[in-house]
Amino acid sequence: QKEVEQNSGPLSVPEGAIASLNCTYSDRGSQSFFWYRQYSGKSPELIMFIYSNGDKEDGRFTAQLNKASQYVSLLIRDSQPSDSATYLCAVNMRGGSQGNLIFGKGTKLSVKP
Amino acid sequence: GAVVSQHPSWVICKSGTSVKIECRSLDFQATTMFWYRQFPKQSLMLMATSNEGSKATYEQGVEKDKFLINHASLTLSTLTVTSAHPEDSSFYICSARETGVQPQHFGDGTRLSIL
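As given, the protein sequences belong to chains A and B, one line each in that order.
Okay, so the first sequence: first residue is 1 according to the working numbering, each after it adds one.
Okay, so the second sequence: first residue is 1001 according to the working numbering, each after it adds one.
Hint data in this document are derived by calculation from the structure and do not stem from the laboratory.
One should not assume that every hint holds.
[To be verified] 30 Å max Cα-Cα, derived DSS-like pairs, lysine-lysine:
id	chain 1	residue 1	chain 2	residue 2
1	A	Lys-112	B	Lys-1014
2	A	Lys-42	A	Lys-105
3	B	Lys-1064	A	Lys-105
4	B	Lys-1014	A	Lys-2
5	B	Lys-1055	A	Lys-108
6	B	Lys-1066	B	Lys-1055
[Unchecked claim] Residues of chain A clear of chain B, computed beta-carbon distances all greater than 12 Å:
id	residue
7	Ser-12
8	Ser-26
9	Ser-32
10	Tyr-36
11	Pro-44
12	Glu-45
13	Leu-46
14	Met-48
15	Asn-53
16	Gly-59
17	Arg-60
18	Pro-81
19	Leu-88
[What the hints assert, rightly or not] To give an idea of the interface, some chain B residues facing chain A are shown, with a C-beta separation under 8 Å as derived from the structure:
id	residue
20	Ser-1043
21	Leu-1044
22	Pro-1103
Every residue gets a Cβ at the ideal spot worked out from N, C-alpha and C, and that includes glycine.
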């Protein structure tokens, strides 16, 4: 069973703090990893993607990948109330239906002013 | 870049009606398009994957005769919900991908309500 696991939350952080979102996946051979943000009632929006071990930074967002531990995370620095949303981790696993993404159930983030 | 347009945004219609939803990649050629369904407070559920010029691959439990998918060009895929019933009411979202390693980009979704 190919799985992507996320803590459903809600994760509550104060404005200006660092929010840390975590994700684990079952297929050790997975190659590409994505973070999407989904506001309530809206479709997912791509935040970041990462293919190699280590950190990848884009503005206030940092994605971290550790393939040995089968773990990927998203850090949001200087969190803003507008960051409040559900964050979906997605992994492109080997053997998936035509290489489609396997999504986690999402972590709901709440940033308190 | 990587804009995916989905129409219509909202559909309200009577039971038994067929509804067509369009998904277009506006600034890239999408070799693969995906159709998802999401019920309130639940995660995305993949319904089917389509490659341009090929028959769609449906996920287990999704009726291919009820959810007709056409991917006739590299920029357009359509999903037709045939003879829709109230239990088909949901948020339908398409996504498109240029190549196998590129991210999927999502349309804005279509909220379907069957009375």
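**Prompt:** Straight-line Cα separation of Lys-1014 (chain B) and Lys-2 (chain A) no greater than 30 Å?
**Reply:** violated (38 Å)
Would you assess whether Ser-12 (chain A), listed as outside the interface, keeps its beta-carbon beyond 12 Å of every beta-carbon in chain B?
Holds, because the least Cβ-Cβ distance between Ser-12 (chain A) and chain B comes to about 18 Å, which exceeds 12 Å.
- prompt: If you draw a straight line from the CA of Lys-1055 (chain B) to the CA of Lys-108 (chain A), is it 30 Å or shorter?
  reply: Cα-Cα ~36 Å, so violated.
Beyond 12 Å from each Cβ of chain B, as asserted for Pro-81 (chain A):
Fine: 21 Å to the nearest Cβ keeps Pro-81 (chain A) off the interface.
Checklist line | Whether Ser-26 (chain A) stays farther than 12 Å from all C-beta atoms of chain B, as the label says | finding: holds (16 Å)
(message) If we take the beta carbon of Asn-53 (chain A), is the closest beta carbon in chain B still more than 12 Å away?
(response) holds (16 Å)
Tyr-36 (chain A) non-interfacial with respect to chain B [C-beta, more than 12 Å] = The assertion about Tyr-36 (chain A) is violated, with a minimum of 8 Å to chain B.
Consistency of the no-contact label for Met-48 (chain A), given chain B and a CB cut of 12 Å:
It is violated; Met-48 (chain A) is separated from chain B by about 9 Å at its closest Cβ, not greater than 12 Å.
Check: Is Leu-88 (chain A) truly not at the interface, in the sense that its beta carbon sits beyond 12 Å from all beta carbons of chain B?
Finding: violated (7 Å)
Is the nearest Cβ of chain B still more than 12 Å from the Cβ of Glu-45 (chain A)? violated (7 Å)
_Tell me if the straight-line CA distance from Lys-1066 (chain B) to Lys-1055 (chain B) falls inside 30 Å._
holds (15 Å)
Classify the hint on Ser-1043 (chain B) as holds or violated, based on whether any CB of chain A lies nearer than 8 Å to its CB. Where the cut-off is 8 Å and the nearest Cβ of chain A is about 4 Å from Ser-1043 (chain B), the hint holds.
The structure fails hints 1, 4, 5, 9, 10, 11, 12, 13, 14, 19 (numbered hints given earlier, in ascending order).
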